[in-house]
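Protein chains: 2
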Amino acid sequence: MFELVHQSTKSAARVGRIHTPHGIIETPNFVPVATNAAIKAVDAHTLAEVGIQLMFCNTYHLLVHPGADVVQAAGGLHTFMQRNAPIITDSGGFQVFSLAYGSVHSELKSKGTKKHDGCVLKISEEGALFRSYRDGTPIMLTPESSVQAQKALGADIIIPLDELPPYHIGPQALLQSFNRTHRWQERSLIEHKANTANQIMYAVVHGGTDPALRAQSCAILRKLPFDGFSIGGSLGKTRDEMAQVVAATTPHLPAPFPRHLLGIGDLPSIQACIPFGIDTFDSSYPTKCARHGILLTAQGPLNITSSRWKHVHEPVSTAPLCRHYSAAYLHHLFKAHELAAYTLATIHNLDYMMQLMNDYREKILQNQI
Amino acid sequence: MFELVHQSTKSAARVGRIHTPHGIIETPNFVPVATNAAIKAVDAHTLAEVGIQLMFCNTYHLLVHPGADVVQAAGGLHTFMQRNAPIITDSGGFQVFSLAYGSVHSELKSKGTKKHDGCVLKISEEGALFRSYRDGTPIMLTPESSVQAQKALGADIIIPLDELPPYHIGPQALLQSFNRTHRWQERSLIEHKANTANQIMYAVVHGGTDPALRAQSCAILRKLPFDGFSIGGSLGKTRDEMAQVVAATTPHLPAPFPRHLLGIGDLPSIQACIPFGIDTFDSSYPTKCARHGILLTAQGPLNITSSRWKHVHEPVSTAPLCRHYSAAYLHHLFKAHELAAYTLATIHNLDYMMQLMNDYREKILQNQI
Numbered sequence: 002m003f004e005l006v007h008q009s010t011k012s013a014a015r016v017g018r019i020h021t022p023h024g025i026i027e028t029p030n031f032v033p034v035a036t037n038a039a040i041k042a043v044d045a046h047t048l049a050e051v052g053i054q055l056m057f058c059n060t061y062h063l064l065v066h067p068g069a070d071v072v073q074a075a076g077g078l079h080t081f082m083q084r085n086a087p088i089i090t091d092s093g094g095f096q097v098f099s100l101a102y103g104s105v106h107s108e109l110k111s112k113g114t115k116k117h118d119g120c121v122l123k124i125s126e127e128g129a130l131f132r133s134y135r136d137g138t139p140i141m142l143t144p145e146s147s148v149q150a151q152k153a154l155g156a157d158i159i160i161p162l163d164e165l166p167p168y169h170i171g172p173q174a175l176l177q178s179f180n181r182t183h184r185w186q187e188r189s190l191i192e193h194k195a196n197t198a199n200q201i202m203y204a205v206v207h208g209g210t211d212p213a214l215r216a217q218s219c220a221i222l223r224k225l226p227f228d229g230f231s232i233g234g235s236l237g238k239t240r241d242e243m244a245q246v247v248a249a250t251t252p253h254l255p256a257p258f259p260r261h262l263l264g265i266g267d268l269p270s271i272q273a274c275i276p277f278g279i280d281t282f283d284s285s286y287p288t289k290c291a292r293h294g295i296l297l298t299a300q301g302p303l304n305i306t307s308s309r310w311k312h313v314h315e316p317v318s319t320a321p322l323c324r325h326y327s328a329a330y331l332h333h334l335f336k337a338h339e340l341a342a343y344t345l346a347t348i349h350n351l352d353y354m355m356q357l358m359n360d361y362r363e364k365i366l367q368n369q370i
Numbered sequence: 002m003f004e005l006v007h008q009s010t011k012s013a014a015r016v017g018r019i020h021t022p023h024g025i026i027e028t029p030n031f032v033p034v035a036t037n038a039a040i041k042a043v044d045a046h047t048l049a050e051v052g053i054q055l056m057f058c059n060t061y062h063l064l065v066h067p068g069a070d071v072v073q074a075a076g077g078l079h080t081f082m083q084r085n086a087p088i089i090t091d092s093g094g095f096q097v098f099s100l101a102y103g104s105v106h107s108e109l110k111s112k113g114t115k116k117h118d119g120c121v122l123k124i125s126e127e128g129a130l131f132r133s134y135r136d137g138t139p140i141m142l143t144p145e146s147s148v149q150a151q152k153a154l155g156a157d158i159i160i161p162l163d164e165l166p167p168y169h170i171g172p173q174a175l176l177q178s179f180n181r182t183h184r185w186q187e188r189s190l191i192e193h194k195a196n197t198a199n200q201i202m203y204a205v206v207h208g209g210t211d212p213a214l215r216a217q218s219c220a221i222l223r224k225l226p227f228d229g230f231s232i233g234g235s236l237g238k239t240r241d242e243m244a245q246v247v248a249a250t251t252p253h254l255p256a257p258f259p260r261h262l263l264g265i266g267d268l269p270s271i272q273a274c275i276p277f278g279i280d281t282f283d284s285s286y287p288t289k290c291a292r293h294g295i296l297l298t299a300q301g302p303l304n305i306t307s308s309r310w311k312h313v314h315e316p317v318s319t320a321p322l323c324r325h326y327s328a329a330y331l332h333h334l335f336k337a338h339e340l341a342a343y344t345l346a347t348i349h350n351l352d353y354m355m356q357l358m359n360d361y362r363e364k365i366l367q368n369q370i
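Protein chains in written order, with this note's numbering: chain A, 2 to 370; chain B, 2 to 370.
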């Protein structure tokens, strides 16, 4: 499934190709997030020309609406959202545990004292029981049910259910969570292997910010027949801590398997982690930026809502669709709160990410990274 | 400019062609509203395949942002918004007088007792002075400045400044307003004729719901060298009253000139007014409906947010772009509040309107209307 095209002589960076039933993903690559089976403000056909090679959908959101059964009856995510290219789904665990413990951000602010247990009813060895935020329906997420849901959704790459411990946790509780997360992943893998259905499954490396635990997690997971590895769990408070975690993890992962960094995709983090041999990055960063009028460019981020663009009658972008419009028009659309602004800016940022990752691949091929 | 293709033998309905520097408008036709030089949720290139023949932009909004000077420096509205087909602008007066008197709706609710004078500083023979809702800048709108603004915007069809009297007005005040509105239109026409700049100007017929005043307005305006006629002012409280006003007006308009009904474009009103010889209708009705999940179809309006569409995995639309997606997916996008829902539904409704108007033209050609 993973074809190593080139290993840089300068760092652990590498160029590869992930083969999936819906096409090839050239790596390193960026993976935009289409939470509800839709990139915000852009439909799949309009986005096609940008050439997104892998797209990330969130199982939790799709379980809540429209339900995995609806997507399955549609013929799976590819048919449902009209995307004829690779898709990856997560287990749904991240959102459930974020609800239970709060986001890392809110947790850091409250130093772990604030409880967010409104929607999560129970977490046990079996799995997590939570309430749908839409209609209050109780939904049980177990390793088996998460994999079954991901089978119904039909993405090319799926992820086992893991437990995400809160950031503020004692060593004893962390070790318990660490052990459970590996048990859950093994259960997920067994469920997956019973009917692989043309899907591949990435393990999720845990161990928080402790290099020894990260190494141990890799040792446990590489013994199991996973098709690739993602790096999850707590990655620390800062970008430096995150980079240290990644640096301490990738050397313990087998080279012939793809490596995904979960939920990280801002530009400095991508730059920091490619030399450690990360192949794919998912993040809502470029699409979220776009909706705030921040356009990513080779000269750095540009705020199109700034009045300096009001009179600039040349295009600001070379991206599909967006290249037809002047900076002044895009500026005007943002100031007038026109929804087309979000569409055009999102296409620009995703096109930029695709170009950026292509540049990284070129540089690695030339051993410049 | 107006080519009468066929006059129905059954009614005053007619099929025509309006020739403009940016192409031909086949009539009867529907004119979508792109208030801020943008159809809400759809950029001009994405909309191109739908084949909108005439689009309506609002001078008032464009004066406030980005300013007529910015649009002029861009090369005019067509270049600014990247629309290579006819555009019509209004004078800006409607919005200013709505601010002064409140909308007809709020006026009817308050029976004329509520005052909305927050933004309008002064209305005199010279014109109307109002404050920008964005930054409080005072803006003077006179017949001359409105035409100058519309010259800067560069639409194919422009409209003279008229005074809109409030609905609850005594006969004496109505007559004063009636006389002033015609003086303002003549001043607008003089300003326009000083430099037509490839634009044509439609008069605005006034007279409220009084058939005699409507006839008198037509008599005044048809003596002036306008290129077409629009029907404005108060059209009454109900659709029946509106139809009566239109019926009492069009017989007094010269046949070889195009006739536009201002701000009316819901489906029953179009059906009611085509037999009176209306050629074009502008309205935000289909685009507003779309954003609420109401899809217009030959079988009547359809609410895509209804759960009956959750499991319908066939396309709901034959419109460009929208036809690729199932009803279930479109339903899901609305329920998940995804912005792409508004884009797809808007394209569907505008495509439906174009088909509907084409059907009307066919029926008139066959003297069925």
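Check the hints yourself; a few may be wrong.
Chain copies aren't distinguished; within one or between two, either way the pair holds.
To be verified - 30 angstroms max Cα-Cα, derived DSS-like pairs, lysine-lysine:
id : residue 1 : residue 2
1  : K224      : K194
2  : K311      : K336
3  : K311      : K364
4  : K289      : K311
None of these hints come from the bench; they were simulated from the model.
Each hint, compared with the structure:
1. For the homomeric pair K224 and K194, the shortest alpha-carbon distance inside one copy (15 angstroms) is at most 30 angstroms, but the shortest distance between copies (84 angstroms) is not.
2. In this homomeric assembly, K311 and K336 come within 30 angstroms of each other (Cα to Cα) only inside a single copy, at 10 angstroms, whereas the closest approach across copies is 35 angstroms.
3. For a Cα distance limit of 30 angstroms, the shortest separation of K311 from K364 qualifies neither inside one copy, at 36 angstroms, nor across copies, at 47 angstroms.
4. For a Cα distance limit of 30 angstroms, the shortest separation of K289 from K311 qualifies both inside one copy, at 22 angstroms, and across copies, at 28 angstroms.
Hint compliance for this structure: hint 3 is the single one not met.
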